[in-house]
Each structure stands twice: as C-alpha cells, then as structure tokens.
Amino acid sequence: MITVGDKEIEWHEGMTIRDMLNMLEHTQFCAAVRLNGKLVSSPFFETKEIPDKSVIYLLPLIAGG
Amino acid sequence: MADFTLKEINTLEYVRPEIDKGYTDQSLHINLTSKEIKINLIDKKVKDKFIGGKGYDLWFMWNAVSGKTKWNDPANAICIASGPLGGTPGYPGGGKSIVTTISPLTGIPIDSNVGGYFGPYTKFSGFDVLALTGKSDKEIVVLIDGIDSKIKLYEVSGLTNDSYTLSAQLTDYFDKEKPVNISVVSTGSAAKNTELGCLNFTWFDAKRKRVRYKQAGRGGIGTVFAHKNIKAVVTRWGSVSMKSNNPADFDALKNVTKLHAGEINTLDPKQNRMALVGTTHLVPIMNDHDCLPVNNFKYGQHPEAHNIGEAVYEHIFDKGFDGCWRGCAVACAHGVKDFVPFTGPYKGQKVFVDGPEYETVAGCGSNLGIFDPFFILEMNFYCDTYGLDTISIGTGIAFVMECFEMGLITKEHTGGMDLSFGNRLNALELLHQMVRGEGFGMIVGKGIRKMKAIFAKDFGAEAAIMQDIGMESKGLEFSEYMTKESLAQQGGYGMALKGPQHDEAWLIFLDMVHNFMPTFENKAEALHWFPMFRTWFGLCGLCKLPWNDIVPEDNRQNPEPAKVVKHVGWYADFFSSVTGRKVSPDDLIPMSEAVYNFQRLFNLKMGYGTREHDTLPYRAVGPVTVDEYLSRAERYDKDLTENYKVDITGMEVAEKVAVLRKHREARYEQLKDAVYKRRGWTPNGIPTVETVKRLGIDFHDVMELLKSHGVC
Ligand code: SF4
Chain L
1 MITVGDKEIE WHEGMTIRDM LNMLEHTQFC AAVRLNGKLV SSPFFETKEI PDKSVIYLLP
61 LIAGG
Chain G
1 MADFTLKEIN TLEYVRPEID KGYTDQSLHI NLTSKEIKIN LIDKKVKDKF IGGKGYDLWF
61 MWNAVSGKTK WNDPANAICI ASGPLGGTPG YPGGGKSIVT TISPLTGIPI DSNVGGYFGP
121 YTKFSGFDVL ALTGKSDKEI VVLIDGIDSK IKLYEVSGLT NDSYTLSAQL TDYFDKEKPV
181 NISVVSTGSA AKNTELGCLN FTWFDAKRKR VRYKQAGRGG IGTVFAHKNI KAVVTRWGSV
241 SMKSNNPADF DALKNVTKLH AGEINTLDPK QNRMALVGTT HLVPIMNDHD CLPVNNFKYG
301 QHPEAHNIGE AVYEHIFDKG FDGCWRGCAV ACAHGVKDFV PFTGPYKGQK VFVDGPEYET
361 VAGCGSNLGI FDPFFILEMN FYCDTYGLDT ISIGTGIAFV MECFEMGLIT KEHTGGMDLS
421 FGNRLNALEL LHQMVRGEGF GMIVGKGIRK MKAIFAKDFG AEAAIMQDIG MESKGLEFSE
481 YMTKESLAQQ GGYGMALKGP QHDEAWLIFL DMVHNFMPTF ENKAEALHWF PMFRTWFGLC
541 GLCKLPWNDI VPEDNRQNPE PAKVVKHVGW YADFFSSVTG RKVSPDDLIP MSEAVYNFQR
601 LFNLKMGYGT REHDTLPYRA VGPVTVDEYL SRAERYDKDL TENYKVDITG MEVAEKVAVL
661 RKHREARYEQ LKDAVYKRRG WTPNGIPTVE TVKRLGIDFH DVMELLKSHG VC
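As they're listed, the protein sequences go chains L and G.
Going left to right, the first sequence walks through residues 1 to 65 as my numbering numbers them.
Going left to right, the second sequence walks through residues 1 to 712 as my numbering numbers them.
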C-alpha cells in the first residue's frame, strides 16, 4: 500500500510514478511529486520506482517565482 | 552605538486621518530640492480607476514627469504605495509595498513589489502613496512618524553606506524601545556607482531581535534613490490588527483570512514546503525540466545543480518564522545566520544573510557556472548590503563571462581578471569594485545594454553576437528562467511592460511541459489573463505567492488549474470585505486592465511602448551557436522536421541553426500579432482608442499622445 495525498493505493513491485498517476484522475498537470519527502520531476516519472509504503504528494502546477 | 548625526531641517505636523475601508485618501509629496512637504487629498475618480498600489504610483508619476524626463532628472519621482488590502495581518501575503520610478536601465517606469512593513506602516500613518521628487544637495533622511503625526526631514552625516548596518542603526535610533515599530527603506554604496541599485525594505524580526530585509530589486530604483541623495526613508507606526484597515465587513474579512491561511497551514507542508525552503524547491524542478539557466542561459541543466537546491538550503536556513508581512502563513522569507564571508569588508565577520531566493540562486549560481551554496550566500549578502539587484548582477556577469570565454573581451579589458564561467573570486571582486567605484566592475554595473555598446565601441567586440547572447530586453536583464522551448514565456518576457521579469506572466510549464496552449490564440489569451491578474496583486498591496504556490487539493479537477479559481474567489471576497466595493472574480481583471494599459501608454509617453521594443535576444528564443544546437540536437532536429516541415537531410549544423532561427523568430512575431489583438492594441502594440475608452483611461493627454502616434 502507498499513500498519495489522503488516498491509499495498492502497491505493486516495479510501480513507477507514471503508473501511480495513471491510476488517478486529473493528473495531466502534474510536473513534480514529493516521494517520501524528496522531489521527483516529470522527466523521471517513467523510471522512478516507488517503494512499498511510500508517502507521496502531488505538487501543484509549477507557478514560477 | 551610532556615530552619526541627524539635523532636523523641516517638520510638518499633520492630523492623521482614520483609515476608511483600506484607504486614507491622502498622498504625501516630498520635494527633495525645496524640502517642501505636502499632503494632498486623492480624488475619488483616481481611486476608482487606479485602485491603489502600483495604480496610484503610476498615476502620480505620470503627473510628475514629462515624456522627456530622464531617470536622473530631479522631476523623476520615486513612488511607494501599499494598497487598500495591504496591511491585513494574517492574510497570507497581505502587506506588500509597490515601488515605481523611471528606470536608468530602460527609460520607462519600472515597478517592484516588495515585502517588509514600509507600505502598510506608511498607510496607517496616513498616506496611501508617497511620492519623492527633486534632488537634495545633502544626504537626507525622511521620517514619516505616524505615532507622533509628524513628517521630518533630516540632514545626515557620518551614517554608514552599507544598507544592512544603516537600517539597523536607524531602527535603533528612531525607536529603541520598540524597534518593531520601524521600517526603513535604503540602498547601499554601490547604487550610486552603478545603474543596478536596489532598495532594501525592512521589518524587525522580534524573535531573532534583528532587522530583516526584502528587496525592491529590479530596474535600478536604488540608483535613482541614491542619485536623489536620499539616505533612507523611515516610517514609524504602532500596533496593527485586522481592524487597522477599518474594513467594511470585519466578519467577512476574518472568515476569508481564516480560510486562506488555514489552507496554507495544512497544505504547504504537503506541497512546496515554502515555510522550510522558500523558493529553492524550484532549483531542482527547473533543472530537471531543462529550464535552469546555466552559463548565461546557454543550457538548462547541470549535473551539480542539486548542490544549490532545496535539499541543501533547507539545512542552511535558520529555523524560525519567516513572514515578510505579519502572520503570512507562507513564511518563505528565509535567511542564514552566522555566515562568514571570505572576501570584502565583512571578511571573517559573522553576518545574517536574508535569502537566497530562487532568482538569486539561479542568477548568481548556475548562470555563472557556479554550484556552491556558500558562494551564492556571499553574493546575496554583498548585493543586498551594497544595494545591488541580484538578478541584474547575475544575468549581467553571466553575459560578461560568456563574452570572456568567446574572446570578445580579454584580460586586457577586465583589468587582468579571468572572468570565465565558474570564477567565484572574480565575480565577487566585480561587486567590490562597484562599491569602490573602480575597475571593470564599473562597466558591468551599467547593465547589459550599455555594456554591449561599450564592448563594441571601445573593445572592438562583434555587436551581432552580443545582441544574441546579451540577455536583456527593453534594457532590463532577464530574470532566471529559460524560455527557448516555451513560446508563451518568450511572450511573457518580451511583452512584459517593464522588461523581462517573470512577475507578469509565468507560463513555461503550462506551455512547454503540459502543452496546454497549442495555438497562438490560446497563448494570447494566457498572455492577457495572467498579466492582468498578476497586476491586481500590485494594485491591492498583496504578494502573489499565496495565490498559486499553494493550491487547494481539488484544484487539479478544475479545467483551468493554473488560474486557481477558488483563490481568485477568495481574493474577490477579500477585496469586497475590506473596501465595501462588492466585486466578483470577473471584476478583478477589468480593474487591472485599466492600469495595465495605462502603464503601456506611459511607456509610449517616454518614447517607447511600441512593437520594436518588445524584442528578445535570440538566446531567449533558440540556440545561438552550433554547440548550443548540438547539446539538444534531437530536440531541434525534431522541431525543424515536424513543426516546420524542413527536410534536414545533408544540412550542416550551422545551416540548421540559421533555418531554425528564421522560423522561431517569425513565430514570435506571429505571437505578438495575436497578443496585441487580444489586448486591444494596434499591430504596433499601442492601445487603440476603443480600448482606452472602454477602460475609462481616455484622459485628454492620453488622447493627445495617441493622436501624436497616429492612433485616432
Ligand atoms: S508569501 Fe513569502 S514573500 Fe510573500 S508575503 Fe509571505 S513571506 Fe513574504
């Protein structure tokens, strides 16, 4: 199980950030997430694997300074 | 402690008006030549049209200067205002000041939105706007004392030039018992010798028992301030509460404040964690998306960028509450204590550094090819205390470094200094030279536009290549985002009224990463709505960050998440509750539109404000050099073949660079057409008669100005 915001999601071996986003709605504007406190940006969504029991927050649309 | 003297030379006692629904309806005018102090009432028509803040600043400046006024003419005004909502404690970002003047870099109005307590304190002291004109023959300190209802002018001697120390000394001098009552505006010793001077606005950090600083950085406002011989403007005010603005509907104000602050308290720790890392989270995100300026905007990424991002600064920042306005829940104005510079007059001494923010990290770090967080702290510290804009300094030195590496300038011109990318010591030495008023630093301190002319004329450097790589537009240095792959952001910079600063429009991710605006019309719509809405914060005396840096959890379900519609609704409620003028979210854009167009007309009045001035250096649009093209060859090849249908078989790289340039430059011109049309401007970028009439800014002199440009 992983936690995304206030939701619990079933975890599977090799699950990437992209896999996780595909399981959620309205994620087309997500360019970065916080995975266990660390930033992961969209160029790494396909490759970054999520460990089991992770806590993830989707960052708001990046708005600049 | 202080070894200086203040001699009172003029005093005006006044009756302080009660604040009425966010307004005092008074302006304060100080003529530094005659030392005259005047208080005027603000006309209701001006209030309705210009709202406050930047709107008031521009209106009073418009009336102070002629089209021929230069930045260093006594007629030039520095105007400072908060706004009707400014000074609301607890509302996130609810206490900014907006400063304007005719910029030494651009010759047109520059505006800067800055934290610290000055604007709200000045309003509570009785003045919606302060206008400083003239030029004093001796160094002068202005005191606006709202507690004793007196305006005082002092001649000063023996006061240090270093902005940090100077502000601390004046805070102590004017209210030793209650330093939190004081806010000081000052610049530093380099402002006089350069055109890149910033202003430092203070507040007293009661927990840390020290004066803290925020900068009105852009466009050389500090240079104008120093040229007028103003040492400092000090405002003194006492207690502040949510009732200080005498809001029309206190309960509604309390309610909306609680909603917005509560949301930030809950969500910031889950989102950008700005209360811990400020805006340094942007460094790794920009780097990962190839948007972090590296080596004068040549590249967008560097493997060492993680050394200067949030992961490092989180541990360097001094822990504690860091709101630059009272009770701002975002609390992103961090600092570093006990930093020890390794160069300059503070070498070996422990100092507190206010910052750095993303712009300083990228400008004085990655853009110089330097990935050392402590070097950036030292640049930040000396820029602030010397009164220099970290953005123009960073972008300016980056340009110099590229010129040096290209052989356009050599050690012969730099006084023997190696100014290649990565040279920390010599980058700092340039700052120290600006203070001492000597050496190559004096040329760098003139800004990129003038440097280009000097390098060409005096050093024989090739003008065309400098035009391509000198990251300025309208004379102002770019702030720190890479725009090559975002046409919308090229427009956001190129068509920004004051020059390329991101506070008007920041559309890179919507455009480049999310492809949300595929057509010219989509982009033009965004380049209408976003600049207008961002302008609104400056009218009201607010900070923009709480609008869209922390967003509601259900925001992504909205079809237009970038607008953060729920917050726009809260801002309309905030405005209604304070001013009593009932507005809906749809009313906010027209408020800004009038002021925005007025500023464009102001540019026109000053001899600019037309299409030819909305140009960009090609580095902002595409790859200038062959190696730049090769660094992202796949991307550029794809752009040529897929978007422009060019057959690139057998093409040399130099030829590809040229063909791509032709297409990308044409595309930017097409964007201008679309944006001008959407904004109600002529193809030459001038507001039409119909537009100015619709917005109610068809004043006699505006119509005459339009007529003189053939717009009838
Ligand atoms: S969000 Fe940050 S910059 Fe804006 S007012 Fe609050 S502390 Fe200051």
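Misleading hints may appear alongside valid ones.
[To be verified] Derived pair list, reagent style SDA-like, types lysine to any residue, alpha-carbon separation capped at 20 Å:
{"#": "1", "chain 1": "G", "residue 1": "Lys566", "chain 2": "L", "residue 2": "Phe29"}
{"#": "2", "chain 1": "L", "residue 1": "Lys38", "chain 2": "G", "residue 2": "Leu267"}
{"#": "3", "chain 1": "G", "residue 1": "Lys70", "chain 2": "L", "residue 2": "Ser41"}
{"#": "4", "chain 1": "G", "residue 1": "Lys563", "chain 2": "G", "residue 2": "Thr615"}
{"#": "5", "chain 1": "L", "residue 1": "Lys38", "chain 2": "G", "residue 2": "Lys563"}
{"#": "6", "chain 1": "G", "residue 1": "Lys270", "chain 2": "L", "residue 2": "His12"}
{"#": "7", "chain 1": "G", "residue 1": "Lys7", "chain 2": "G", "residue 2": "Lys45"}
{"#": "8", "chain 1": "G", "residue 1": "Lys178", "chain 2": "G", "residue 2": "Ser244"}
[Said to hold, decoys possible] To give an idea of the chain L side of the interface with chain G (calculated C-beta under 10 Å), a few residues:
{"#": "9", "residue": "Ile2"}
{"#": "10", "residue": "Val40"}
{"#": "11", "residue": "Pro60"}
{"#": "12", "residue": "Leu61"}
Keep in mind that the hints were calculated from the coordinates and are not lab data.
Yeah, the Cβ is synthetic: ideal placement off N, Cα and C, and Gly gets one too.
Quick rundown of the hints versus the structure:
no.: 1; hint: Lys566(G) with Phe29(L); in the structure: holds (17 Å)
no.: 2; hint: Lys38(L) with Leu267(G); in the structure: holds (16 Å)
no.: 3; hint: Lys70(G) with Ser41(L); in the structure: violated (46 Å)
no.: 4; hint: Lys563(G) with Thr615(G); in the structure: violated (27 Å)
no.: 5; hint: Lys38(L) with Lys563(G); in the structure: violated (26 Å)
no.: 6; hint: Lys270(G) with His12(L); in the structure: violated (24 Å)
no.: 7; hint: Lys7(G) with Lys45(G); in the structure: violated (40 Å)
no.: 8; hint: Lys178(G) with Ser244(G); in the structure: holds (19 Å)
no.: 9; hint: Ile2; in the structure: violated (15 Å)
no.: 10; hint: Val40; in the structure: holds (8 Å)
no.: 11; hint: Pro60; in the structure: holds (4 Å)
no.: 12; hint: Leu61; in the structure: holds (5 Å)
In summary, the numbered hints that this structure violates are 3, 4, 5, 6, 7 and 9.
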